[in-house]
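Heads up: the protein sequence lines correspond to chains R and S, in order. Quick note on numbering: the first sequence equals residues 1 to 246 in our numbering. Quick note on numbering: the second sequence equals residues 1001 to 1263 in our numbering.
Don't read these hints as lab results, they were simulated from the structure. Glycine included, each C-beta is placed from N, C-alpha and C at the ideal position. There's no promise every hint is true.
Pairwise CB distance ranges, derived in the manner of DEER restraints [as the list claims (entries may be wrong)]:
#1 K80(R) / F1125(S): 29 to 37 Å
#2 G179(R) / R1177(S): 32 to 40 Å
#3 L20(R) / G1123(S): 52 to 60 Å
On the chain R side, residues computed to face chain S include the following (Cβ under 8 Å) [said to hold, decoys possible]:
#4 N93
#5 F95
#6 A107
#7 A141
#8 M159
#9 N160
#10 R206
#11 F230
Sample of chain R residues lacking proximity to chain S, with all beta carbon distances greater than 10 Å (derived) [claimed, not checked]:
#12 N54
#13 K162
#14 E168
#15 Q207
#16 H235
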Amino acid sequence: MSSAEPIITISGVAKYFGKLKALSGVSMNVRPGEKVVIIGPSGSGKSTLLRTINRLETIDAGRIVIDGSDLDDPKVDINKVRMEVGMVFQSFNLFPHYTVLDNLTLAPMKLRGMNRDEAEATAFALLDKVGIKDKAKVFPAMLSGGQQQRVAIARALAMNPKIMLFDEPTSALDPEMIGEVLSVMLDLAKEGMTMVVVTHEMGFARQAADRIVFMDHGSIIDEGAPSEFFESAQHPRAQKFLEQIL
Amino acid sequence: MQTQQTVPVIEQHDGPAIPRKSDKGLVSAWWLSLVVSVGTLLYLVLVEKGAYLRLVKFIPDGVLVTFQVTIYSIVLALFLGLLTGLGRVSRNRWINLIASTYVEIVRGIPLLVQLFYIYYALGRFVRVPDILAAVIAMAVCYGAYLGEIFRAGILAIDKGQTEAARSLGFNRAQTMRYVILPQAMRIILPPVGNEFIMLLKDTSLVSILAVADLLRRGREFASETFLYFETYTVVALVYLIITLLLSKLVSRLEERLSYYVKR
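With the rest of the complex left out, here is chain S (with noise of 0.2 Å):
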């Protein structure tokens, strides 16, 4: 049989593993540290109460911080980057060199650095919410670095499903909406999802403005009650819990969108 249906693999270089099916280790894994973290923070909020008790009541309006960063950065982002890795793959000379030196540009910078420089050079022209300039900080980031893993997903579709597609009368506009996109989706989704899990633990950096996320809020907490080696426990088991259960998710996500794929 004609071997049509290999899988091309990009190469996840860091970022926190995504527990699939077929790496038993890693799924075990997954289990104990999820076991592990939640099993702690509840002895220590159930059973150790006192601090532990007040840092959980404490917490939650930075968790949802969290998220909120979290979610509209990864929607930007995608975004961005879903532009940036089709101006990557274009023809158009102009197109490409603008995409190519945005991604030059943010790939150069730390993502601290372009935090503060887009907060306050933000500010310096408009007053937008706090909240809102570090996700666009985030977003620009991030777009920039998921650029790259859309167009090597699209790059890493087989030329023949373009010929194909275009031998049937599509042009290239029609070929990659209906048949290299839907395609690229699924192989770029577990590099995308470690972007994601990456991006959720870097809206830590978000805390260093005035965004009350949760470690700004536990590092309130922790100045008023001198309570660090407490605060900063929780902090880490909640960071933890979230990222666990993220990367769950993704790969969830990624074995619906493999339902075409023959194992």
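Excised from the complex, chain R in its bound form (with noise of 0.2 Å):
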């Protein structure tokens, strides 16, 4: 695996938001099958970054290409690229008006063509696996927010994406629900997904991670495998958020 082509290339990436610098000279490689997990300070450009793997933010310079098409390239359709793409958000972001099995079948019915039955094979099935066939008639309000974000992790599989990004998916989380919102997230890991995971789940990192990055200003400052990373951080700032943390 660790031969195969790069399903993720950034290259030299700047982001800005007016005069402050949010990304600067941020470059990485994710093969399929890698997990990712981006850890740092908060402010430390670390969810920006994710975002702009499938350009909820654009970028000011540098080069982003996701499975061969090239974000900033105009002939590449980005809906495409994105369909490949699942994302989970911290705030989980489910569709309020849709029950959990809408939820989970719009988008394949819109823009995968697929029909009702087939959708909604797919999405009891995704439901089981995550844990909350029974709810499948609910809606989203009426689930607790560790619930909710196993519903956003299934509707984003829903796609049958080659690539899952998290942006910090138990922030929002009351500290007994973030340990049923990690384990859907490890069995996805087992399961061979390429991830990009932003947390402060160190535990999480630990098991999960081939790969810890560590943002801090912008910029990657460290990254190595867990088991360097947390016993032996080179950086002096990543030491420093370590003996924050843990």
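Hey, can you piece these two chains together into the complex? The hints should help.
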């Protein structure tokens, strides 16, 4: 697997919010099946970086290529690219006016041209996988945060994406619900999904990550396998961050 | 739990109140007003009879016209309002400019003047039935107001909804259609309902054109019989009863559109 071509190539990316430099000179490759966990203090640009991967944020310099498609190439249909890149948000963002089931079937039916039976079969299988099959006909408002986030993961998976992005998926959850979401993510990791995860859950990072990427002030400062990184982070700022968080 | 479901409230500046279940005082007031107005009307017609009985036989044509003007205007205004609201949030500079200019112009001219203007200006070029001219004028005016409400409703939907839809691969138009507008509809219903009721009342202005609406029929009756007090008592009661029923309809609709909100 290590010899495979990267499915995500990020090179020399810079991003400004007005005068504020959110990202500068960021380069990173992710190979198919690899799990990359991005950590760093708040404001370090890790969420911004994640959001550039499906172009929810545009970039001001550099290049991002997803599975052969250059995101800034005008010939590339960004909507096609996004169909292959699932995303899970901190605040779930389920569609409140649709039932759980319809949240999962909407995109496959409208975008993949699936018929209802097919889409619902897929949806039920995914809901079973994330452990909330019995809530299929319920509206999101009736679910707990942990349940909503599991539905959100299932919704993204319903498009059968090649890559999954997670933007602090447990940060808005009550502590007792974090575990159920992380265990769904761990299962997904074991199945070989390509994952890029921004999180503060160091336990998850240790268990699931092939590589830890540490960001600060809009740049990647340090990276490495979890064992090396957590035991012997090279960069002083990474060391300091780990001291505070562990 | 995440407070994802908080409902943005759009300010209601004027117009009649919608009797929501949560507002006990208003619900009681609604029933009181309905009972009193219907009771008074029945008393006048069945007990006092005379002029009142003749009035209720004379007026129904006008009520029908008022309904017609109201319904056609609402449909057309909703269409214009949706287009305007979408135009107002459009990224296309020209579309945005056109929609915004329409709103600016219409909001700056009194409805009565617009009615005269569209009625007579239209009349210079094409011959259209009076009622159609009235409907167009009402719709042009209310389309601008509704456009602003649509815009507010669209902007009130959390940005995360758009991001979630776009991240799945929906384009802008699909995101608007499947995700944003259905949710916007629910939160704009109260102010839109208010506009409907105001529109209904404002249709009385078309009586100055040659449209034989409720008010116009009343005036015709009064100028023949000189029974001004009796006439306007009945006209006022009929308007009140209609708007009361309409406001109830709006509150019902509001409940139905809120099916997905946790209470």
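Outcome of the hint check:
1. K80(R) / F1125(S): 29 to 37 Å: At 49 Å between Cβs, range violated.
2. G179(R) / R1177(S): 32 to 40 Å: Roughly 37 Å apart at Cβ, these two residues keep to the hinted range, so it holds.
3. L20(R) / G1123(S): 52 to 60 Å: Roughly 59 Å apart at Cβ, these two residues keep to the hinted range, so it holds.
4. N93: This interface hint holds because 4 Å falls under the 8 Å limit.
5. F95: holds, 6 Å
6. A107: holds, 4 Å
7. A141: Cβ of A141(R) sits 4 Å from chain S, so the hint holds.
8. M159: Cβ of M159(R) sits 6 Å from chain S, so the hint holds.
9. N160: It is violated, given that the least Cβ distance between N160(R) and chain S is near 11 Å, above 8 Å.
10. R206: This hint is violated: R206(R) lies away from chain S, its Cβ roughly 27 Å from the closest one there, beyond 8 Å.
11. F230: Nearest chain S Cβ about 30 Å off; hint violated.
12. N54: Given a closest Cβ separation of 6 Å, the condition is violated.
13. K162: Consistent with the label, K162(R) stays out of reach of chain S, its closest Cβ about 13 Å off (over 10 Å).
14. E168: Given a closest Cβ separation of 12 Å, the condition holds.
15. Q207: Given a closest Cβ separation of 25 Å, the condition holds.
16. H235: Consistent with the label, H235(R) stays out of reach of chain S, its closest Cβ about 32 Å off (over 10 Å).
Hints 1, 9, 10, 11, 12 from the earlier list are contradicted by this structure; the remaining hints agree with it.
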